[in-house]
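Engineer: Read off the chains here:
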Amino acid sequence: MTETTAFYELNVNGSRREVRDSWIGESLLYVLRERLGLMGSKGACEQGECGSCTVMLDGDAVCSCLVLSASAVGSEILTVEGLAPNGEPSDVQRAFVDQGAVQCGFCTPGLIVAVHHLLDNNPDPTMIEVKEALSGNICRCTGYGRIFAAVETVVAVRKGARS
Amino acid sequence: MSVHVPTSLTEAIDLLVANPTARLLSGGTDTMVEVNFNRSKPESVIALRRIAALREYTVDSDRIVIGAGVPYAMMEKGPLAAALPALAAAARTVGSPQIRAAGTLGGNLGTCSPAGDGLPVLAALDATINLRSPRGPRAVPFAEFMTGVKRNSRAVDEIIESVSISPTTGFQDYAKVGVRNAMVISVASVCFVHDTGSSSVRIALGAVGPTIIRAREAEQWLQSQVDASQQLPSHDKLVAEFAQRVAAAARPIDDHRSTAAYRRHAIEVLARRLYLRSTQ
Numbered sequence: 001m002t003e004t005t006a007f008y009e010l011n012v013n014g015s016r017r018e019v020r021d022s023w024i025g026e027s028l029l030y031v032l033r034e035r036l037g038l039m040g041s042k043g044a045c046e047q048g049e050c051g052s053c054t055v056m057l058d059g060d061a062v063c064s065c066l067v068l069s070a071s072a073v074g075s076e077i078l079t080v081e082g083l084a085p086n087g088e089p090s091d092v093q094r095a096f097v098d099q100g101a102v103q104c105g106f107c108t109p110g111l112i113v114a115v116h117h118l119l120d121n122n123p124d125p126t127m128i129e130v131k132e133a134l135s136g137n138i139c140r141c142t143g144y145g146r147i148f149a150a151v152e153t154v155v156a157v158r159k160g161a162r163s
Numbered sequence: 001m002s003v004h005v006p007t008s009l010t011e012a013i014d015l016l017v018a019n020p021t022a023r024l025l026s027g028g029t030d031t032m033v034e035v036n037f038n039r040s041k042p043e044s045v046i047a048l049r050r051i052a053a054l055r056e057y058t059v060d061s062d063r064i065v066i067g068a069g070v071p072y073a074m075m076e077k078g079p080l081a082a083a084l085p086a087l088a089a090a091a092r093t094v095g096s097p098q099i100r101a102a103g104t105l106g107g108n109l110g111t112c113s114p115a116g117d118g119l120p121v122l123a124a125l126d127a128t129i130n131l132r133s134p135r136g137p138r139a140v141p142f143a144e145f146m147t148g149v150k151r152n153s154r155a156v157d158e159i160i161e162s163v164s165i166s167p168t169t170g171f172q173d174y175a176k177v178g179v180r181n182a183m184v185i186s187v188a189s190v191c192f193v194h195d196t197g198s199s200s201v202r203i204a205l206g207a208v209g210p211t212i213i214r215a216r217e218a219e220q221w222l223q224s225q226v227d228a229s230q231q232l233p234s235h236d237k238l239v240a241e242f243a244q245r246v247a248a249a250a251r252p253i254d255d256h257r258s259t260a261a262y263r264r265h266a267i268e269v270l271a272r273r274l275y276l277r278s279t280q
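Just so you know, the protein sequences line up as chains A and B, in that order.
Under the numbering used here, the first sequence has 157 at position 157, and the numbering climbs by one with no breaks.
Under the numbering used here, the second sequence has 89 at position 89, and the numbering climbs by one with no breaks.
Be aware that a few hints might be false.
Derived coverage of chain A by chain B (criterion: at least 3 residues anywhere in the stretch with Cβ under 8 Å from a Cβ of chain B; other residues may be distant) [claimed, not checked]:
| hint | stretch |
| --- | --- |
| 1 | 45-58 |
| 2 | 82-93 |
| 3 | 97-109 |
| 4 | 148-156 |
DSSO-like mimics (lysine-lysine), calculated; alpha carbons at most 30 Å apart, straight line [to be verified]:
| hint | chain 1 | residue 1 | chain 2 | residue 2 |
| --- | --- | --- | --- | --- |
| 5 | A | Lys159 | B | Lys77 |
| 6 | B | Lys41 | B | Lys150 |
| 7 | A | Lys131 | B | Lys237 |
| 8 | B | Lys150 | B | Lys77 |
| 9 | A | Lys159 | A | Lys131 |
Partial list, derived from the structure: chain B residues whose beta carbon lies under 8 Å from chain A [said to hold, decoys possible]:
| hint | residue |
| --- | --- |
| 10 | Ser2 |
| 11 | Val5 |
| 12 | Pro6 |
| 13 | Leu9 |
| 14 | Thr10 |
| 15 | Ile13 |
| 16 | Leu25 |
| 17 | Val33 |
| 18 | Asn36 |
| 19 | Lys41 |
| 20 | Val45 |
| 21 | Val65 |
| 22 | Pro79 |
| 23 | Ala248 |
Don't read these hints as lab results, they were simulated from the structure.
Quick reminder that beta carbons are idealized off the backbone N, C-alpha and C, glycines included.
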């Protein structure tokens, strides 16, 4: 069985990134972390159960561990790094810090991407909708209460900014 | 391993003819787990996610066609959910939002696991699977498509293009039992359809046999007991006997997820539950 290596380009956070000398079967998560040095997305279960590797792929929040990296050529990939392009935290990241929603921090990047995805598509979600949208992101520290509080804070601040 | 990312169905079929052993990759939620854990290393992969035509669906009064690449997230709400409430209910039980954004009916059909959540719905709605190859299109009834555990009648040069479903009037719903309430693979699942338009009831069982099972004896018995053009009666004796007859059709096994006895019991409970929901 041949171990094909490949060269291809991915569009990550608005930039063209070259992937060289990688095994063609690598997951997008592996390529982001090990080939492109984007360590924000976390690898835990590698089977789509935990959500810690969540990225946006053409606007959908997906588990990057289940995306064949080479199949993402031509797609727009947004990682947690892309939400804070100049190192300035996004409103969601700021609210997580302010509300104490970050404890060990391992699930945080995936949750941040999932919350951005939720609020981009549904700016005023009910608590049930928030819980359902975050049901694919497992956190073993917080019990989720502070995470939901952070989401409520962002919703309120954005609503205030719109009116 | 080689990876191909075609952008049209024609291109995908040409690639499949040139690489007949290629793994067809849709949402990746099954295949990538195998690859990540070194359980399989396909020599060649044809990734279908960039074929826009596979991600389209149409809802007409007499026919609903769902592209093989439509993700579950698109079945949970909007026109598809309105036309096919049972499919929406099944879609909502698949994995997490991230999995539902990726996973597709085409992938569910390609893998053909008896626990696939979309499959009992396709069985109960007498869906047709539309395949395409260099030889042209081929339409296969779901009952002839799934032939065993992770086996189907797709030929090596065929790609699953879409699923066609005739709409029903009246009730349709899906329910499953797993080891917890979310993010879980079915231990037993049921899709129940009461079509007042054709005066018929149809019930399909998942994860309790090598294929999805239609409880046809129970369907025919119920149709002989009631006027299926009207709302179904809810008296206890009728409902209990129907549920028992449905459970008798199951062919469950003991495995790492559950026992045969529990699965048969769960089917009876789910059949009763869905029947009673239809009367409310």
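Engineer: Please go over all the hints and tell whether each is borne out by the structure.
Structural biologist: These are the hints, each one checked on the structure:
1. 45-58: With 6 residues close enough to chain B, the hint holds.
2. 82-93: Coverage by chain B is violated here, the residue count being 0 at a Cβ distance below 8 Å.
3. 97-109: violated (count 0)
4. 148-156: Three-residue rule not met by the stretch 148-156 of chain A, so violated; n is 0.
5. A/Lys159 - B/Lys77: Between A/Lys159 and B/Lys77 the Cα gap is close to 25 Å, so the pair holds against 30 Å.
6. B/Lys41 - B/Lys150: holds, 18 Å
7. A/Lys131 - B/Lys237: violated, 39 Å
8. B/Lys150 - B/Lys77: With Cα atoms ~28 Å apart, B/Lys150 and B/Lys77 stay inside 30 Å; holds.
9. A/Lys159 - A/Lys131: Holds, at about 20 Å.
10. Ser2: Because about 6 Å separates B/Ser2 from the closest Cβ in chain A, which is inside the 8 Å limit, the hint holds.
11. Val5: At about 5 Å, which falls below the 8 Å cut-off, the nearest Cβ of chain A leaves the hint on B/Val5 intact, so it holds.
12. Pro6: Violated. Min distance 10 Å.
13. Leu9: For B/Leu9, the interface hint is violated, since the closest Cβ of chain A sits about 16 Å away, which is over 8 Å.
14. Thr10: violated, 18 Å
15. Ile13: For B/Ile13, the interface hint is violated, since the closest Cβ of chain A sits about 18 Å away, which is over 8 Å.
16. Leu25: Holds, about 6 Å.
17. Val33: holds, 4 Å
18. Asn36: holds, 4 Å
19. Lys41: Check passed: Cβ of B/Lys41 comes within 6 Å of chain A, closer than 8 Å.
20. Val45: OK, holds: B/Val45 within 8 Å of chain A, min 7 Å.
21. Val65: violated, 22 Å
22. Pro79: violated, 17 Å
23. Ala248: It is violated, given that the least Cβ distance between B/Ala248 and chain A is near 35 Å, above 8 Å.
Figure legend: structure checked against the earlier numbered hints; hints not met, in rising order: 2, 3, 4, 7, 12, 13, 14, 15, 21, 22, 23.
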